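*Asks:* Sequence:
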Amino acid sequence: MNKISLVLALLGVLLLVVGCTTPQTAPATTNPATTANTGNTKSAPAVINTATALVTIKNFAFNPSSLDIKVGDTVEFVNKDSDTHTVTLDNEQFSEILPAGGSVTHTFNEKGSFDYKCNFHPSMRGIVVVN
Numbered sequence: 195m196n197k198i199s200l201v202l203a204l205l206g207v208l209l210l211v212v213g214c215t216t217p218q219t220a221p222a223t224t225n226p227a228t229t230a231n232t233g234n235t236k237s238a239p240a241v242i243n244t245a246t247a248l249v250t251i252k253n254f255a256f257n258p259s260s261l262d263i264k265v266g267d268t269v270e271f272v273n274k275d276s277d278t279h280t281v282t283l284d285n286e287q288f289s290e291i292l293p294a295g296g297s298v299t300h301t302f303n304e305k306g307s308f309d310y311k312c313n314f315h316p317s318m319r320g321i322v323v324v325n
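Taking my numbering, I'd label the letters of the sequence shown as residues 195 to 325.
Hint data in this document are derived by calculation from the structure and do not stem from the laboratory. Wrong hints could be hidden among the right ones.
Restricting the straight-line Cα-Cα distance to at most 20 angstroms, the calculated cross-link-like pairs of lysine to aspartate or glutamate (EDC-like) are [claimed, not checked]:
1) 311 with 275
2) 264 with 309
3) 252 with 277
4) 264 with 304
Simulated restraints on C-beta separations [as the list claims (entries may be wrong)]:
5) 285 with 315: 13 to 21 angstroms
6) 295 with 319: 19 to 27 angstroms
7) 304 with 276: 31 to 39 angstroms
8) 284 with 264: 14 to 22 angstroms
9) 323 with 289: 25 to 33 angstroms
10) 286 with 264: 17 to 25 angstroms
11) 286 with 317: 14 to 22 angstroms
12) 314 with 264: 16 to 24 angstroms
13) 306 with 276: 29 to 37 angstroms
14) 290 with 245: 27 to 35 angstroms
15) 319 with 270: 15 to 23 angstroms
16) 309 with 270: 12 to 20 angstroms
17) 265 with 295: 27 to 35 angstroms
18) 305 with 277: 32 to 40 angstroms
Note that the structure is a prediction, hence the values are computed from the model and not measured. The beta carbon of each residue, even a glycine, is placed where N, CA and C say it ideally should be.
With the hints as extra help, turn the sequences into a complete structure.
*Replies:* Written out as C-alpha cells, the structure is:
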C-alpha cells in the first residue's frame with residue numbers, strides 16, 4: 195500500500211511539474227515590423243515599406259537604433275526590458291514614459307531626422323529619418 199501511494203504521489207508531482215513548465219506558443223502577429231540584432235552594435239538603417247515600424251527596447255538599447263520611414267508612418271516603441279524607460283525626441287515635442295512591458299506609438303508627419311533618447315538612461319539613443 196505504501197509503495198502504491200508513493201508511486202501515485204510521484205506521478206502527481208511529475209504531472210504538476212510538466213504541466214507548469216510546458217511553454218505556451220505566442221499568437222502570431224499580423225502587424226509588419228522590423229527588428230535588428232540586439233546589443234549596442236551600430237547597424238545600417240532599417241528600411242520600412244509599410245505604415246508601421248517597430249522599435250523594441252531591450253538590454254538598455256533601442257532596436258533598431260536607426261530607422262528610415264516615410265512621412266505619415268507610425269513607429270511603435272515597445273519596452274521589453276524589466277526597467278522603465280522613456281522615448282523622448284531631442285526637440286521635446288514627444289516624450290513618453292514606458293514601464294516594463296509598455297508601448298507607445300508616434301506618427302511622424304514631417305520630413306527630417308529625429309533623434310530620440312531615454313531620459314533615464316542617456317546612453318540609450320536612436321534616430322528616425324523621415325523621407
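*Asks:* Indicate, hint by hint, whether the structure satisfies it.
*Replies:* Going through the hints against the structure:
The suggested pairing of residue 311 with residue 275 holds, with an alpha-carbon distance near 15 angstroms, which does not exceed 20 angstroms. Distance check on the hinted pair: residue 264 and residue 309 sit about 16 angstroms apart at the alpha-carbon level, within 20 angstroms; holds. Restraint check: the Cα-Cα separation between residue 252 and residue 277 comes to about 9 angstroms, which is no more than 20 angstroms; the hinted pair holds. Between residue 264 and residue 304, the direct Cα distance comes to roughly 9 angstroms. Compliance with the 20 angstroms bound is thereby established for this hinted pair.
In this structure, residue 285 and residue 315 meet the distance hint of 13 to 21 angstroms, their C-beta atoms being roughly 19 angstroms apart. At about 22 angstroms, the beta-carbon gap between residue 295 and residue 319 stays in the expected band of 19 to 27 angstroms. Checked against the given bound of 31 to 39 angstroms, the beta carbons of residue 304 and residue 276, roughly 34 angstroms apart, stay inside it. For the pair residue 284 and residue 264, the supplied restraint of 14 to 22 angstroms holds, since their beta-carbon distance comes to about 21 angstroms.
The hint said 25 to 33 angstroms for the Cβ distance between residue 323 and residue 289, and at roughly 20 angstroms that hint is violated. For the pair residue 286 and residue 264, the supplied restraint of 17 to 25 angstroms holds, since their beta-carbon distance comes to about 24 angstroms. Between residue 286 and residue 317 the beta carbon distance is about 19 angstroms. The supplied range of 14 to 22 angstroms therefore holds. About 30 angstroms separates the C-beta atoms of residue 314 and residue 264, a value inconsistent with the hinted range of 16 to 24 angstroms.
Under the hint 29 to 37 angstroms, the C-beta atoms of residue 306 and residue 276, about 33 angstroms apart, fit the expected range. Residue 290 and residue 245 have their C-beta atoms about 20 angstroms apart, which leaves the hinted 27 to 35 angstroms range violated. Take residue 319 and residue 270: their Cβ atoms lie about 18 angstroms apart, and the range 15 to 23 angstroms holds. Checked against the hint of 12 to 20 angstroms, the C-beta distance between residue 309 and residue 270 comes to roughly 18 angstroms, which is consistent with it.
For the hinted restraint 27 to 35 angstroms between residue 265 and residue 295, the CB-CB distance of approximately 30 angstroms keeps it satisfied. About 33 angstroms separates the C-beta atoms of residue 305 and residue 277, a value consistent with the hinted range of 32 to 40 angstroms.
The structure shown violates the earlier hints numbered 9, 12, 14.
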